[in-house]
Amino acid sequence: MIHESFSCTLLHDSKPSARHAAPHHASHFPRASKQDPAMAADELPSVAVPGNILGPASKYNPGPGTHIHQGNVVSSLLGRVRVTAPAKPPGPAKRLNKITAPAPEELPTLSVARHGRKREILPDVNNVVLARVVRLMPKQAIVVIQQVGDTVLQTEWQGVIRVQDVRATEKDKVKMYESFKPGDIVRAQVISLGDQANYYLSTASNELGVIMATSEAGNDMVPVSWKEYQDPETGLSESRKVAKPS
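1 is the number of the first residue of the sequence shown in UniProt numbering; add one for each residue after it.
If you're looking for bench data, these hints aren't it; they were derived computationally from the structure.
Because the structure is a prediction, the values reported are computed rather than measured.
A portion of the hints provided could be inaccurate.
Only pairs whose alpha carbons sit at most 20 Å apart, straight line, appear in this in silico PhoX-like list of lysine-lysine [unchecked claim]:
#1 Lys181 - Lys171
#2 Lys173 - Lys139
#3 Lys227 - Lys175
#4 Lys181 - Lys227
#5 Lys171 - Lys227
#6 Lys171 - Lys244
#7 Lys139 - Lys181
#8 Lys139 - Lys227
#9 Lys244 - Lys181
#10 Lys171 - Lys139
#11 Lys173 - Lys227
#12 Lys244 - Lys227
#13 Lys175 - Lys139
Using C-beta positions, here's what the derived DEER-type ranges look like [claimed, not checked]:
#14 Glu233 - Glu43: 45 to 53 Å
#15 Lys139 - Leu107: 35 to 43 Å
#16 Ser239 - Ala85: 47 to 55 Å
#17 Glu238 - Met137: 17 to 25 Å
Each residue gets a CB set at the ideal place from its N, CA and C atoms; glycine is no exception.
Start from the sequences, fold in the hints, and give me the full structure.
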């Protein structure tokens, strides 16, 4: 009788009970947690360098020190990454027994800032700036301002050189494609704050114009006159609005 009782006990204990199996099953198949968004935020780098992808534009808005590239928020600076939560939208409003829908959810904002840096200098009227030509059109050149005076900017600002602001004389004969090329570095003067998107710049002075240029062959050129740069390797010349060497 004692032997039979012991055998039954072994047979009974060899089967795992549902009470003990449930925790083991749950450990392999965890349920979705409400902390998933927080975990996603933790995956953001604390420090970014220019070109780092910080997150998809579908989940974040670009802030200072970032820009959108191929559907992602990308760092423009070397600095600390900061996530700013959107303002809490108002809840449903009850008016005359009618409930209106809440405002659509806004996205958090990603920004990158240099730690402890001073306030950014902005271009102002009469400032002499250095800018890089990024695009040419028949009536204007689009540039990005990279330096104001002797100060290199942390953020690039877009500017426009209009055809009437290229030279002080013979303005009706100016051709933008003979004055600048994409990639040229230009010394210019801010003549107007323009609209919200652009600063208006002028090169209508002997000291203003192209100060660095690359030839179509990819070589650094040297100025040979007030309207030409020359490739020292190929000997070919290209038209430019040349700045008088300072």
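Hint by hint, here is what the structure shows:
1. At most 20 Å may separate the alpha-carbon atoms for a hinted pair to count; Lys181 and Lys171 meet this at roughly 18 Å.
2. Under the criterion of a C-alpha separation no larger than 20 Å, the hint pairing Lys173 with Lys139 is consistent with the structure, at around 12 Å.
3. Straight-line distance between C-alpha atoms of Lys227 and Lys175 comes to about 12 Å, which keeps the hinted pair within the 20 Å bound.
4. Distance restraint check for Lys181 and Lys227: the Cα-Cα separation of roughly 13 Å lies within the 20 Å cut-off, and the hinted pair is therefore satisfied.
5. This hinted pair checks out: Lys171 and Lys227 have alpha carbons roughly 14 Å apart, not beyond 20 Å.
6. For the given pair, Lys171 sits about 19 Å from Lys244 by alpha-carbon distance, which is consistent with the 20 Å threshold.
7. Distance check on the hinted pair: Lys139 and Lys181 sit about 14 Å apart at the alpha-carbon level, within 20 Å; holds.
8. Between Lys139 and Lys227, the direct Cα distance comes to roughly 19 Å. Compliance with the 20 Å bound is thereby established for this hinted pair.
9. At roughly 18 Å between alpha-carbon atoms, Lys244 and Lys181 fall within 20 Å of each other, so this suggested pair holds.
10. A C-alpha spacing of about 12 Å is found between Lys171 and Lys139, which places the hinted pair at or below 20 Å, so the restraint holds.
11. At most 20 Å may separate the alpha-carbon atoms for a hinted pair to count; Lys173 and Lys227 meet this at roughly 13 Å.
12. Simply put, Lys244 and Lys227 have alpha-carbon atoms about 10 Å apart, close enough for the 20 Å limit, and the pair holds.
13. Proposed proximity of Lys175 and Lys139 is supported: the alpha carbons are some 8 Å apart, at most 20 Å.
14. The beta-carbon spacing between Glu233 and Glu43, approximately 49 Å, falls within the hinted interval of 45 to 53 Å.
15. Range check, Lys139 to Leu107: about 37 Å between beta-carbon atoms, so the 35 to 43 Å window is met.
16. Taking the beta carbon of each, Ser239 and Ala85 are about 53 Å apart, inside 47 to 55 Å as hinted.
17. Checked against the hint of 17 to 25 Å, the pair Glu238 and Met137 passes, with Cβ atoms roughly 19 Å apart.
The structure is consistent with each of the numbered hints, conforming to all of them.
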